[in-house]
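> Quick mapping for you: the protein sequence lines, in order, are chains A and B.
Take the first sequence: its letter number 77 is residue 988 in this note's numbering, and every next letter is one higher.
Take the second sequence: its letter number 125 is residue 105 in this note's numbering, and every next letter is one higher.
Just so you know, the hints here were simulated from the structure itself, not pulled from any lab data.
Fair warning: there could be bad hints in the mix.
[To be verified] SDA-like mimics (lysine to any residue), calculated; alpha carbons at most 20 Å apart, straight line:
#  : chain 1 : residue 1 : chain 2 : residue 2
1  : A       : Lys1009   : B       : Asp71
2  : A       : Lys939    : B       : Asp91
3  : A       : Lys1009   : B       : Asp91
4  : A       : Lys939    : B       : Glu(-9)
5  : A       : Lys1009   : B       : Lys(-10)
6  : B       : Lys31     : A       : Ile941
7  : B       : Lys(-10)  : A       : Gly977
8  : B       : Lys(-10)  : A       : Thr943
9  : B       : Lys31     : A       : Val1002
10 : A       : Lys983    : A       : Gly934
11 : B       : Lys(-10)  : A       : Arg940
12 : A       : Lys939    : B       : Leu(-1)
13 : B       : Lys(-10)  : A       : Ala938
14 : A       : Lys983    : A       : Val1017
15 : B       : Lys31     : A       : Lys1031
16 : A       : Lys1009   : B       : Pro84
17 : B       : Lys87     : A       : Thr1007
18 : B       : Lys31     : A       : Cys1030
19 : B       : Lys(-10)  : A       : Ser935
20 : B       : Lys87     : A       : Glu942
21 : B       : Lys87     : A       : Ala1003
22 : B       : Lys(-10)  : A       : Gln976
23 : A       : Lys956    : A       : Ala938
24 : B       : Lys(-10)  : A       : Gly934
25 : B       : Lys31     : B       : Thr104
26 : A       : Lys1009   : B       : Asp66
Keep in mind that this is a model prediction, so the values were computed, not measured.
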Amino acid sequence: MTFSTDGIVFQPIGDAVIIPLQGSIDAKRIETLRQKLLDYIQIHKTKGVIFDFSGIEIMDADDMQGFKRIAKASELMGVPAVCTGLTDGLVAGLITVKADTDWVVVAPSVKDALRGIACKHKRS
Amino acid sequence: MQTQKIVIEKEEDVSLAALSVHILAEKIGFSVIATSAITTATSEIARNVVKYATRGWATLKILKDEFRTGIEVVILDIGPGIADIDNALKDRTSTSGTLGLGLPGTKRLVDEFSIESKMGEGTTVRMVKWDQK
């Protein structure tokens, strides 16, 4: 059952949750997402988070830093975060401005992300 | 060519400026890569206005010559200015630190880039991205 709060959509699939991102990103939205996601993980005992960036067309280095903080916070709760759907345009721009992308765990699709999360939990 | 002007004072204005450039680029048929490049460049420079200056403006304009179409984005601010522009434009590794202005990366994203700054007054950045047809 999809859960939505403050314009952020959480789509649970199995033990994981997909967050489809749409429109534009700003620091306020990223902070809201961080707070809501940590609450969601706590309440629903989620085992993996998938950020689907396919609806995002505009992002800069600062926004990337914001997502890094979200991913790190999720990891500190024992929940890995995976990114999918980054478009060629976004990637080209972020790499050119040398945005910090070392933290990014990427999967080619949501399906691959779910598979990766399931494998990780089988091993641990 | 009609000019579009956007005031930049707060975080939301950065998104608005970037989105306006994005819409304009798509409207004139820029490629995905060119659209993303000028959009990201606009976002990076507009963010500097919010972070370091009092207020600023982004002016968007379509440029055309015989062979190509382009977008010119000029972002000027009222702020402290940049003391050493040459230093600010130097590419550095993350270990040696940066000035956090994103200027080297932004310069790489666009085809034409110029910056002027006066201490105690403000900074003007002009960027042009051409889409080769």
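> Look at each hint and say if it fits the structure.
Hint check results:
Taken as a hint, the A/Lys1009 and B/Asp71 pair is honoured in the structure, with Cα atoms around 10 Å apart against an allowance of 20 Å. A C-alpha spacing of about 31 Å is found between A/Lys939 and B/Asp91, which places the hinted pair above 20 Å, so the restraint is violated. The suggested pairing of A/Lys1009 with B/Asp91 holds, with an alpha-carbon distance near 18 Å, which does not exceed 20 Å. Our distance criterion of 20 Å between C-alpha atoms is met by A/Lys939 and B/Glu(-9), whose separation comes to about 8 Å.
Simply put, A/Lys1009 and B/Lys(-10) have alpha-carbon atoms about 24 Å apart, too far for the 20 Å limit, and the pair is violated. A threshold of 20 Å between alpha carbons decides the hint, and for B/Lys31 with A/Ile941 the separation of about 17 Å falls inside it, so the pair holds. For the given pair, B/Lys(-10) sits about 17 Å from A/Gly977 by alpha-carbon distance, which is consistent with the 20 Å threshold. Only pairs whose Cα atoms come within 20 Å are accepted, and B/Lys(-10) paired with A/Thr943 is accepted, the gap being roughly 17 Å.
Between B/Lys31 and A/Val1002 the alpha-carbon distance is near 24 Å, which puts this suggested pair outside the 20 Å criterion. Of the supplied pair hints, the one linking A/Lys983 and A/Gly934 is violated, its CA atoms being roughly 23 Å apart against a limit of 20 Å. Using a Cα cut-off of 20 Å, the hinted pair B/Lys(-10) and A/Arg940 holds, with the two alpha carbons roughly 14 Å apart. Restraint check: the Cα-Cα separation between A/Lys939 and B/Leu(-1) comes to about 16 Å, which is no more than 20 Å; the hinted pair holds.
Of the pairs offered as hints, the one joining B/Lys(-10) and A/Ala938 holds, with about 11 Å between alpha carbons and a cut-off of 20 Å not exceeded. Between A/Lys983 and A/Val1017 the CA atoms are separated by roughly 15 Å; this keeps the pair inside 20 Å, and the hint holds. For the hint pairing B/Lys31 with A/Lys1031, the CA-to-CA distance comes to about 40 Å; that exceeds 20 Å, so the pair is violated. Of the pairs offered as hints, the one joining A/Lys1009 and B/Pro84 holds, with about 9 Å between alpha carbons and a cut-off of 20 Å not exceeded.
Between the alpha carbons of B/Lys87 and A/Thr1007 the distance comes to roughly 9 Å, so the proposed pair stays at or under 20 Å and holds. The suggested pairing of B/Lys31 with A/Cys1030 is violated, with an alpha-carbon distance near 42 Å, which exceeds 20 Å. Straight-line distance between C-alpha atoms of B/Lys(-10) and A/Ser935 comes to about 15 Å, which keeps the hinted pair within the 20 Å bound. As the CA atoms of B/Lys87 and A/Glu942 are separated by approximately 29 Å, the hinted pair breaks the 20 Å bound.
For the suggested pair B/Lys87 and A/Ala1003, the alpha carbons sit about 14 Å apart, so the restraint of at most 20 Å is met. Using a Cα cut-off of 20 Å, the hinted pair B/Lys(-10) and A/Gln976 holds, with the two alpha carbons roughly 19 Å apart. A distance of roughly 26 Å separates the Cα atoms of A/Lys956 and A/Ala938; the hinted pair therefore is violated under the 20 Å criterion. Using a Cα cut-off of 20 Å, the hinted pair B/Lys(-10) and A/Gly934 holds, with the two alpha carbons roughly 18 Å apart.
For the proposed pair B/Lys31 and B/Thr104, the alpha carbon gap of about 15 Å is at most 20 Å, so the pair holds. Pair hint A/Lys1009 plus B/Asp66 holds up; C-alpha atoms about 19 Å apart against a cutoff of 20 Å.
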